[in-house]
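Undergrad: Okay, here's what each chain looks like letter by letter:
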Amino acid sequence: MNNTMETTDRLEVIKKRKKKIPTEISIFLVLVGIAILFEILGWIVRGDSFLMNPQRLLIMILQMSIIGIIAIGVTQVIITGGIDLSSGSVLALTAMVTASFAQQSDYLRAVYPALTDLPWVVPLLAGLLIGALAGLVNGALIAFAMIPPFIATLGMMVSARGMARAYTDGQPVSMLTDQFTWIGSGANPVIIFLAVAVLFHIALKYTRYGKYTYAIGANPQAARVSGINVRRHLIMVYAIAGLLAGLAGVVASARAGTGQAGMGLMYELDAIAAAVIGGTSLAGGVGRIAGTVIGALILGVMLSGFTFLGVDAYYQDIVKGAIIVAAVVIDQYRQRRRLKAAA
Amino acid sequence: MATVTAEDTTYDNADFILEVADVRKAFPGVVALDNVQLKIRAGTVHALMGENGAGKSTLMKIIAGVYIPDQGEIRLKGKPLQLHGPLDALKAGIAMIHQELNLMPYMSIAENIWIRREPLNAFGMVNHDKMHRMTESLFERLGIEMDPETQVRHLTVAGRQMIEIAKAVSYESDVLIMDEPTSSLADREVEHLFRIINDLRSQGKGIIYITHKMDEVFEIADDISIFRDGQFIHSAAASDMTSNEIIKLMVGREVTQMFPKEEVPIGDVVLSVEDLCLEGVFSDISFDVRAGEILGLAGLVGSGRTNIAETLFGVTPPTSGRIAIDGKEEIISSPHQAMLRGLALLTEDRKETGLFLGLSVEENMEMAVLRDGYTRGTFVDQSRLDQECDLMKERLSVKTPSMDERIGNLSGGNQQKVLIGRWLMTKPRILILDEPTRGVDVGAKAEIHKLITELVKQGVAVIMISSELPEVLGMSDRIMVMHQGRVTGFLGRREANQVNIMELASSPVAPPAVNA
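Chains A and B are the protein sequences, given in the same order.
First residue of the first sequence: 0, per numbering that gives the first Met the number 0; consecutive thereafter.
First residue of the second sequence: 0, per numbering that gives the first Met the number 0; consecutive thereafter.
Simulated from the structure, these hints should not be mistaken for lab results.
Careful, some of the hints might be misleading.
Unchecked claim - Taking lysine to aspartate or glutamate pairs in the EDC-like style, the calculated list, with each CA pair at most 16 Å apart, reads: (1) Lys-212(B) x Glu-190(B); (2) Lys-76(B) x Glu-18(B); (3) Lys-426(B) x Asp-403(B); (4) Lys-204(A) x Glu-18(B); (5) Lys-426(B) x Asp-371(B); (6) Lys-204(A) x Asp-380(B); (7) Lys-204(A) x Asp-385(B).
As the list claims (entries may be wrong) - Some chain A residues flagged as far from chain B (calculated, every beta-carbon gap over 12 Å): (8) Arg-55; (9) Ile-58; (10) Tyr-205; (11) Gly-256.
Note that the Cβ used here is the ideal one computed from N, Cα and C, for glycine as well.
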């Protein structure tokens, strides 16, 4: 009896001694490292500080906050083991629809001349509704028609972009009310982004919604046998991802003061990249909002840093692509290690 | 540490086909094997025994070239081996039948067996006719009756297992490693496997045989080596050991009673099933289960036992028939509804339908109770969950460094306890256990049996499916036997024995039922 106990204890002690660094901390260190790298390069190349410029930092975070809002929705989709390619296009569609309900009455070519000068809530709700509907369609296709998420959301990505263009025959929707554009003014997008991040951090960690999301990603069959209504939950997850893409559309159009069908091009990929860089596993069951926020910040710092150093946009894309691939390589490596540990 | 007794004397003058000396293997944070030795005589079956996590599978993976040891030596027929991958081992003459099945479902049986070794014609293309003939002659030798052109995805788990075995034999290796080859085989197929093993033994091969089943060991093994916690413990001829000695060496303590069945007052009928059918799978299933009763479900793999469990639990709703709980007819069309009516199902396949492998112990345990009493609105009551999960962990004596440990890092027995805990937290009145002790070590097995006894004492009605006849016989009050989707008979605790269960399990003709 004693022998077994001692040896088991010994093994467990060894196991415990291996302190695991939370993924978020290591990603955060990467973020700090990249920032410091740009700081040093900044002094060498331009003789100027990269970090000691509040203006630049605010612009950087502003740029990232819209992608960040999408990325939060995409993160929970990826945790269920799915993917959402439609968020950039849904953003464009909602930006168009939202803007059309936010036009000023003195603008002669309004989309709905009878519906101008509406209070800001109307365009906001319209945007959220359109986004949620698009997500609902994604979810229903995946849960009931059993279409792989990649295909279902690819279809939505193409269709929603087409709808955004068809909505006004490709014309931009401009001259928006001041109370609507206030939503996107100053640091408001950042505040909205952080509020959504906190909300979903809590939702994923402390609610049934969150627990079920992880369970479905980890093992959908076991989730079903545990009494979870997997189909209903998946629809909800995709609808919420659509809702957040819609919110991003509202913020984007409010900030730009216009709705344009070309908005949010490739944002879905940046959002997926932010989630993956932040440690969300494409295999499902793993991922945290904090990681995604840091992942979005890493993308932001890269963009801002390269611009600051005067690196050409083409080269920026090359590096960005490499970083996304590197993040997935690391994810694969982590998974293999997990599997090995489980074996 | 217990005294390591490598009894070389047993094998004086023996002809070792495979020797393993001083092997050590560490994974990040865990020493899986330390100072391990093993000697396999040619023309023998050598059983490897130990609880889950004892290091048997790791050692076999080292011998098969899957893992590279940190130190130590492997000698095949006296010559040191340097293995850099599974292919090296195969080429050297060591073949392994893995516990998990590694076949390609959309390829034919023949293609699966001869993959990487396909016979070619003059143009360098695969010679299908020759491959077909090679497969046929291999099957003839092994007594397997299957069409080599069948796609593997059409085979049952047992059929796939036989293909894996045939494939390993086809390498004509000197050493054959079998890691729990019978875990998915029914008794008749096990007999078949043993015939194949006996044949290989007489050809002078060395066979390493990992199993948890004691009766198999004494039936097939010549030598036995026992491992515990990554250490080599003991090696001896099978004829010199008793099962009690083996168990004692495996767990390092005595397991006094394997099946602590106690007589428990049996109450009213809780679950009553009448003419239940699932088209194409099972039909005309009728039985009752009473409070405090354990109804054993026996039958060969594929007889429909698991399907009945899944239908009762709403996973695959029946096509016809009635289910009544406390005399009231109920329609159960989803697991959620089954749970609301007091049912719980521990599923057969831990990895497929039980575990959330990437998640923590606590997340795995709490997943079925995130409803009444454990939630406030949409928020889960985490402190109450923490408390109850801790209590459950104590009650089931789950061995884990912490509740936040990833469940994949626990041993099979502890994983199973966590899953049982998941269902006990739902406070079920009818508990269906599908292979509750499969792939679980002896110590945990006894604990699970004790727990089942405790539950029936509290008036829970238990339906227990098991492929292990001693378990069914030891635990059940009554045994329902199935064959090809039909009930072939009921046996009371006193009248049941291995022989009459097997008779019913393999007879399509239903003798007069003696259902109570």
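Undergrad: Next, verify each hint and record whether it holds.
TA: Results for each hint:
1. Lys-212(B) x Glu-190(B): Judged against 16 Å, a Cα distance of about 14 Å means the pair holds.
2. Lys-76(B) x Glu-18(B): holds, 8 Å
3. Lys-426(B) x Asp-403(B): With Cα atoms ~23 Å apart, Lys-426(B) and Asp-403(B) exceed 16 Å; violated.
4. Lys-204(A) x Glu-18(B): Given pair Lys-204(A), Glu-18(B) is violated - Cα atoms ~52 Å apart, limit 16 Å.
5. Lys-426(B) x Asp-371(B): holds, 12 Å
6. Lys-204(A) x Asp-380(B): Given pair Lys-204(A), Asp-380(B) holds - Cα atoms ~11 Å apart, limit 16 Å.
7. Lys-204(A) x Asp-385(B): holds, 14 Å
8. Arg-55: holds, 39 Å
9. Ile-58: Given a closest Cβ separation of 37 Å, the condition holds.
10. Tyr-205: With a cut-off of 12 Å, Tyr-205(A) comes too close to chain B, as the shortest Cβ separation is near 5 Å.
11. Gly-256: holds, 37 Å
Taken one by one, the earlier hints fail for this structure at numbers 3, 4, 10, listed in ascending order.
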